[in-house]
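Numbering (the working numbering), first residue to last: 1 to 97.
There could be a bad hint or two in this list.
[To be verified] Distance windows between CB atoms, simulated:
{"no.": "1", "residue 1": "VAL34", "residue 2": "HIS65", "range": "29 to 39 Å"}
{"no.": "2", "residue 1": "LYS89", "residue 2": "LYS2", "range": "25 to 35 Å"}
{"no.": "3", "residue 1": "GLU73", "residue 2": "ARG46", "range": "28 to 38 Å"}
{"no.": "4", "residue 1": "ALA4", "residue 2": "LYS89", "range": "31 to 41 Å"}
{"no.": "5", "residue 1": "ALA4", "residue 2": "ALA85", "range": "27 to 37 Å"}
{"no.": "6", "residue 1": "SER36", "residue 2": "ALA85", "range": "28 to 38 Å"}
Bear in mind the hints are in silico, worked out from the structure with no lab data behind them. Note that CB positions come from ideal geometry on N, CA and C, so glycine has one too.
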Amino acid sequence: MKTALLEKIREAAAEWARAHNVETALIEVKYSGVGSSIHVFVVARRGFENWWWSERDRSLFRFLHAKVNGPEEFIISSMNTMTEAEYEKYEGVEVES
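With the sequences and hints as input, model every part of the structure.
Have a look at this one:
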């Protein structure tokens with residue numbers, strides 16, 4: 001997957017955050033390694049407190065597809081929008097092998 005497309009998606013996620021008065025701590029967009037699938041990860045310092053996680057995920061998903069998904073199609077196989085507190089819990093979870 002082209003690095004330019006990943007950067008374009010990251011910039012669109014940042015635009016979405018600004019439009020919704022979300023102060024971000026982290027925006028990460030990565031190629032998943034399978035086909036044209038990507039992973040989108042947004043952590044907010046402020047702005048997600050009054051949103052259900054499903055509402056913010058859906059809003060960002062729709063925005064990214066409307067803004068970026070044209071002739072260079074991609075599939076969002078994983079999307080996480082979290083507050084910093086949620087992110088700290090997420091980071092603290094150990095994966096069992």
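Cross-check of the supplied hints:
For the pair VAL34 and HIS65, the supplied restraint of 29 to 39 Å is violated, since their beta-carbon distance comes to about 19 Å. Taken as a hint, the range 25 to 35 Å holds for the pair LYS89 and LYS2, whose Cβ atoms sit roughly 33 Å apart. Separated by about 33 Å at the C-beta atoms, GLU73 and ARG46 satisfy the suggested range of 28 to 38 Å. Judged by the Cβ atoms, the range 31 to 41 Å given for ALA4 and LYS89 holds: they are separated by roughly 34 Å.
At about 34 Å, the beta-carbon gap between ALA4 and ALA85 stays in the expected band of 27 to 37 Å. For SER36 and ALA85, the hinted distance range of 28 to 38 Å is satisfied, since their beta carbons lie about 33 Å from each other.
Figure legend: structure checked against the earlier numbered hints; the only hint not met is number 1.
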